[in-house]
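Starting from the given sequences, assemble the full structure and let the hints guide the process.
Quick mapping for you: the protein sequence lines, in order, are chains A and B. Our numbering numbers the first residue of the first sequence as 38 and each following residue consecutively. Our numbering numbers the first residue of the second sequence as -16 and each following residue consecutively.
No lab work stands behind these hints: they were computed from the structure. Please read all numbers here as calculations on a predicted model, not as lab measurements. Note that the Cβ used here is the ideal one computed from N, Cα and C, for glycine as well. Each hint should be verified, as a subset may be incorrect.
Listed next, with one range per pair, are the computed distances between beta-carbon atoms [unchecked claim]:
hint	chain 1	residue 1	chain 2	residue 2	range
1	A	Ala472	B	Trp213	52 to 62 Å
2	A	Ala392	B	His258	33 to 43 Å
3	B	Pro179	A	Asp432	32 to 42 Å
4	B	Ile(-5)	A	Asn230	22 to 32 Å
5	A	Leu467	B	Lys89	23 to 33 Å
6	A	Ser126	B	Pro227	27 to 37 Å
With a cut-off of at most 25 Å between alpha-carbon atoms, the simulated DMTMM-like pairs for lysine to aspartate or glutamate come out as follows [as the list claims (entries may be wrong)]:
hint	chain 1	residue 1	chain 2	residue 2
7	A	Lys457	B	Glu309
8	A	Lys437	A	Asp643
9	A	Lys457	B	Glu384
10	A	Lys407	A	Glu321
11	A	Lys457	B	Asp11
12	A	Lys457	A	Asp432
13	A	Lys455	B	Glu381
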Amino acid sequence: MERGIYRALPVIRIFLFILGYSWMLMLPSPQLGRGIYIDENALQPGQVNTYWSWDDVHSADVYLGHLEQLRDQNASSVEKSSFLRSVFSELGIPAATQAYSFKTGTMTLDGINTYGVLSAPRTSGTEAIVIAASWISLTAGPNLRGIATVLSLAAYLKRYSLWAKDIIFIVGDGYMDGMQAWLGAYHGLDQSNLDAEPIKLHSGVIWTALAIDYPGHSFSHLGIFYEGLNGRLPNQDLMNSFHIISTHTGGVPVVVYDHVEEQMDSIISRWLPQLLSRQAYIKEYARRARNVIRHVRYQALGRASGVHGLFHRFRIDAITVFAVPATGPHGFHALGRVIESTLRTMNNLLERLHASFFFYVLTGPGTFLKFGQYLPSAVIVSVAMMFGGLRVWVDAGWVKQQWSSEKVNHGPAGKAPKWKTRRRNVIIPLVVMLATHVVGGITFFVVTNSWFLTRTDKTTYLPIIPLSLIVFSILSALLTSDQPTNSQHDEPSPAPLSSLLKAFNLCFASTVISITSVLNFSLAAFLVILLGIPLSISSPTIGLTSKMAKAMSYFILLFPIWWTLLATPMSQSIWDWQVLGVWFAPFVCIVYLPLVLQATVVCMLDP
Amino acid sequence: METKVLAGALAIRLLAACSPLQDVLQDDQQLASPLTSYARLREGVYLFKHGIDPYSGGVFRQSPILLSLFSTILPLSPALLSPLLWTLCDGIGAWSLSRIWRLRCKSSVTYGSREGLIVISYLLNPYLFLPSLALSTSTFDNTLFLLALHSACLGNLEISLLLLALLTHLSPTSVLLLPPILFLNLAGPSSRLSKPIQFVGYRRAVPLALHYVTYLSSLALISTLVSGGWGWIGRTWGAVLTLPELTPNPGLWWYFFTEMFDYFRPFFLMAFSMHLIIYVAPISIKFQHDPLFATFLLQGIFAIFKSYPTLSDPGLFLSMLSIFPEIYPYLKTPIVTTLLHLHASLLLPLFHRLWLSQGTGNANFFYASTLVFGLANGFAVLDAMWAGLRIAFGAAKEGWEIVQT
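Pasting the structure below:
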């Protein structure tokens, strides 16, 4: 049976690759996935009467007028924060400001956050709910109406004594930087490149948070942005309760991100023939695929899709409510009612959200994929890669021993060639792997070093291509000459370095993919797609030009690195690492780059 | 050559001990169990110095011998002296491991470059390195174990039994290592795996066990005098048998007992302890021709199944594998064992963090990773056992396959 498996292994591997990749393609299909449901019974979403009235809408409009004035005057952070603080003080809510300054290698980001704490009227405020809005929206415009909503909510919520938790209203300066500074100071986490004032008004432990993002005049849908830093997701119950409340209490349809269905339908009808584009299955698949792709883009890069993403580090479940800009029917009134009802639901919690899912893929506003429905796609491909590595390892241990010529002439049929075991020196491939990781570490140090960042821009990286050509040609020439020819001794020569290195490379890549898939599935999927087949087909070559050609073709795999890390002078991923602590940049330099380099070295060796 | 490698590796260790890594690792539950934790040791020494019986609470579970040592001769200072002491202990352990290798080799020409490799495999093994950085007292356990083995290889019966009694005081599971160490004293350490002979010293060995019992009881008496009562027995030895603390560790006991009804607890405690005892006789008898190998296998088995393991127990097994190079050609699945260990060593801290600090996972995640770890260690022990028996058959004849040894 073992021999049957050994012989069938290439077929099994191809089958596993096809299965894994087609499973990934099938993730957005309408057949997979189930409807959302509320798991924590304490939440009871949509069961309260809301009292948000047109008077509160009027007060929001008044605040909006002040904020627009500030925007038109190009007010400084000091002026903006003093206005906000005065608003809170007039309402009788204790408020304070926090000045902060981020000094990364190339730039300095500073600002002033303003926050107010509404203490729970009748209980001790051991827990807190956060309503946050940042000055800059995720569409990069000003988030004036979001801040106006927060201010008018503060005025409205103060009038009621039914709050069991403290409510903290935060208006963060900038986009992510303000919230990062506030959260770090609140939870006592120091960051070396951050200089922030301490928090003067402390409240309880924050359990849930909502960030409001309302850039346009009116909105037609409310979008949910939910990804956090490093691919972390909030508990699904928060999003699901928001969805139910918005649909039933607010009357506002909910979408994922800002993907409105009508936009999608027009895109499909432009790109696909009429016959296909009218099929309901294709339409639904396309809608879900759009959501999944956007989710993967956020999660693989470890970026938070909104200000809420910074809360997840502290075990706070948070989402961003985005009012999709439109000439549509809804405005402050609908948003206020929805937020009020959501706050009442969040107020009901007796313990942190733990019942519903933390690992899911939201394919549509009301459908999601559970962990077991999407995880096997990456793991199956990593298993196929592991099988490949083990096969190469086993093959490296045996060598065909040819009979000497006289014996072949004697027998009519010729004896079958004998297989002999040969030694496998594992130390040298391990040293090569360690060297590639050291190269990755040096690369990371170089790209994050401020000296390097201040002196380079987009065009500095163009010489990398001819430079690497030169380096690869030198390495190939060096690696060509050192393999001795196989002689007919009794003791067969030890296994070639290329086989062992390929075996270790595949096994290590498979381990990395399996481990990453539990932490951050999109990153594992990105590894699977980019590395699955190229690492499996790496093979040693003879001849300098073909070595060069193969090595350069593996170099293409590194393009995503250059693009994400080095495309702009202060690339977003490096900024994320330095300011927000996102692990994508170190991961790409210290894990992904060495894996590709190992495969390149395999190609440059002799067989 | 060996001294240079030893010095170099010790220097690396000391450098790592000075880094901030130590502060992060000290509270890690995989590196230090409740029986070996440094923080608890400091607490116990403090209480002792202030006249309070450290065994009256439930925190301190170390032996009174450590208590007396650290409250009188050796001060406990996590900044400088303790890392130095722990690194020194590891150095002694590495030295004794390489000496055991020398005694095992039949002639002086065969050992040579291997000594450097043995020292590196002990000092830079991450499973031993990290608990030592975390100042877990399992380092002392390993060093005493290796010193006891070294004396047994030399034939110094009394010293080896004394060291084993001391080890039993620190880690009670080691009492089960008495039979193979006795046989090792009588038979010698040289490698007879490929040419097994019968062991003829059973009659002689039985009275020698009394020496061990004498040492053990005198140390117990000394401990009673030090701690001023018999309470330490229930807190230290009793902890291993009755599992009072269910702190998560890389072992297999804690999860079982978190979900067990009290009615069944005594039965299962007995069954789990009995499970450890049943391995001693078969392995000692089957490997009577090479008691050093029997000790090595038993240590590996106990590392998987003991009640409060840390990472240093399987780490010792893997490092000791380096003194048995004759079995390497006969290992059936070394790469599977390596890959399982790689996966387990990455999954253990990941799931621990996902459960206890991130809060998005639960105990089952971590328990699954301890199962993978146990599987990895089991593969290693079984592979070593197979190779140790298979080596006696030599190279397979043409067309024949060895199915069972």
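Hints, verified against the model:
no., hint, result
1, A:Ala472 / B:Trp213: 52 to 62 Å, "holds (58 Å)"
2, A:Ala392 / B:His258: 33 to 43 Å, "holds (37 Å)"
3, B:Pro179 / A:Asp432: 32 to 42 Å, "holds (34 Å)"
4, B:Ile(-5) / A:Asn230: 22 to 32 Å, "holds (30 Å)"
5, A:Leu467 / B:Lys89: 23 to 33 Å, "holds (30 Å)"
6, A:Ser126 / B:Pro227: 27 to 37 Å, "violated (56 Å)"
7, A:Lys457 / B:Glu309, "holds (19 Å)"
8, A:Lys437 / A:Asp643, "holds (18 Å)"
9, A:Lys457 / B:Glu384, "holds (15 Å)"
10, A:Lys407 / A:Glu321, "holds (19 Å)"
11, A:Lys457 / B:Asp11, "violated (47 Å)"
12, A:Lys457 / A:Asp432, "holds (11 Å)"
13, A:Lys455 / B:Glu381, "holds (11 Å)"
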